[in-house]
Amino acid sequence: MFTGIVQGIARIASINDKPGLRTFQIEFPDGFANALEIGASVAVDGVCLTVTQLHGERAADFDVMQQSLTITTLGSYAENSRVNVERAARDGAEIGGHPLSGHVDFTAHVAQIRELENNYVIRIAVPPVWLRYIFAKGYIAINGASLTIAEVNRDEAWFEVWLIPETLRMTVFAEKKTGAALNIEIERSTQVIVDTVRNILSETLGPLLPALESLLQQQGVSSAQLLNTIKADK
Numbered sequence: 001m002f003t004g005i006v007q008g009i010a011r012i013a014s015i016n017d018k019p020g021l022r023t024f025q026i027e028f029p030d031g032f033a034n035a036l037e038i039g040a041s042v043a044v045d046g047v048c049l050t051v052t053q054l055h056g057e058r059a060a061d062f063d064v065m066q067q068s069l070t071i072t073t074l075g076s077y078a079e080n081s082r083v084n085v086e087r088a089a090r091d092g093a094e095i096g097g098h099p100l101s102g103h104v105d106f107t108a109h110v111a112q113i114r115e116l117e118n119n120y121v122i123r124i125a126v127p128p129v130w131l132r133y134i135f136a137k138g139y140i141a142i143n144g145a146s147l148t149i150a151e152v153n154r155d156e157a158w159f160e161v162w163l164i165p166e167t168l169r170m171t172v173f174a175e176k177k178t179g180a181a182l183n184i185e186i187e188r189s190t191q192v193i194v195d196t197v198r199n200i201l202s203e204t205l206g207p208l209l210p211a212l213e214s215l216l217q218q219q220g221v222s223s224a225q226l227l228n229t230i231k232a233d234k
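Each residue of the sequence shown is one higher than the last, beginning at 1 in this note's numbering.
Among these hints, one or two may not hold up.
[As the list claims (entries may be wrong)] Okay, derived cross-link-like pairs now, DSBU-like style, lysine-lysine, Cα gap no bigger than 35 Å in a straight line:
#	residue 1	residue 2
1	K177	K137
2	K18	K176
3	K137	K176
4	K177	K18
Derived by calculation from the structure, the hints in this document are not laboratory data.
Using the sequences and the accompanying hints, generate a full structural model.
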């Protein structure tokens with residue numbers, strides 16, 4: 001498990017391709033690899049990878065399967081690409097962000113960047129099917145960083161996050177340009193709630209569910225939001 005608090009920026013030192021497998025050698029910032037062992041888990045831009053070989057105290061190898069290369073941004077990286085890194089959380093460690101598995105759900109793209117005084121706003125275009133799990137003020141992991149969603153536009157299929165200077169300093173987000181691909185991991189408890197609500201409504205309403213969801217969408221409301229409103233009224 002990871003916490004979504006990025007611990008530094010690492011560099012891809014080399015890439016070695018084999019049939020169905022790609023090996024990354026990654027150089028870490030000072031102190032990151034202290035006591036790192038073969039078999040340990042490291043989140044690399046939000047993707048949970050396993051250490052397969054150590055190179056002194058500053059670098060390690062990671063093998064990545066073809067499927068992971070296909071469904072994450074790792075397949076597009078080249079030597080000298082910079083990535084967010086976080087080591088697996090230890091028992092009893094403070095969780096400053098939110099619990100992450102390191103299993104990326106989908107990739108999204110930077111739609112717009114706005115630079116304000118002491119704030120950096122990234123608008124992210126999302127495949128519409130995933131919008132059901134994204135809510136304003138909720139958590140989301142972007143390239144392994146736990147962030148709070150500031151705003152969601154369901155009609156245009158995007159959400160925004162606001163980054164403070166410290167987040168920009170500790171991550172690669174300042175290097176991302178419009179159109180850049182990002183790894184997204186949705187917050188698991190939100191996914192469970194939404195899927196449970198959809199299943200309950202489907203079992204209860206049956207063939208009426210598509211019509212209800214269409215009506216709710218016209219009003220800018222999701223089925224999960226409707227259930228939360230009902231619960232709050234009780």
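Consistency of the hints with the structure:
{"no.": "1", "hint": "K177 x K137", "result": "holds (24 Å)"}
{"no.": "2", "hint": "K18 x K176", "result": "holds (29 Å)"}
{"no.": "3", "hint": "K137 x K176", "result": "holds (23 Å)"}
{"no.": "4", "hint": "K177 x K18", "result": "holds (30 Å)"}
Of the hints listed earlier, there is not a single one the structure fails to meet.
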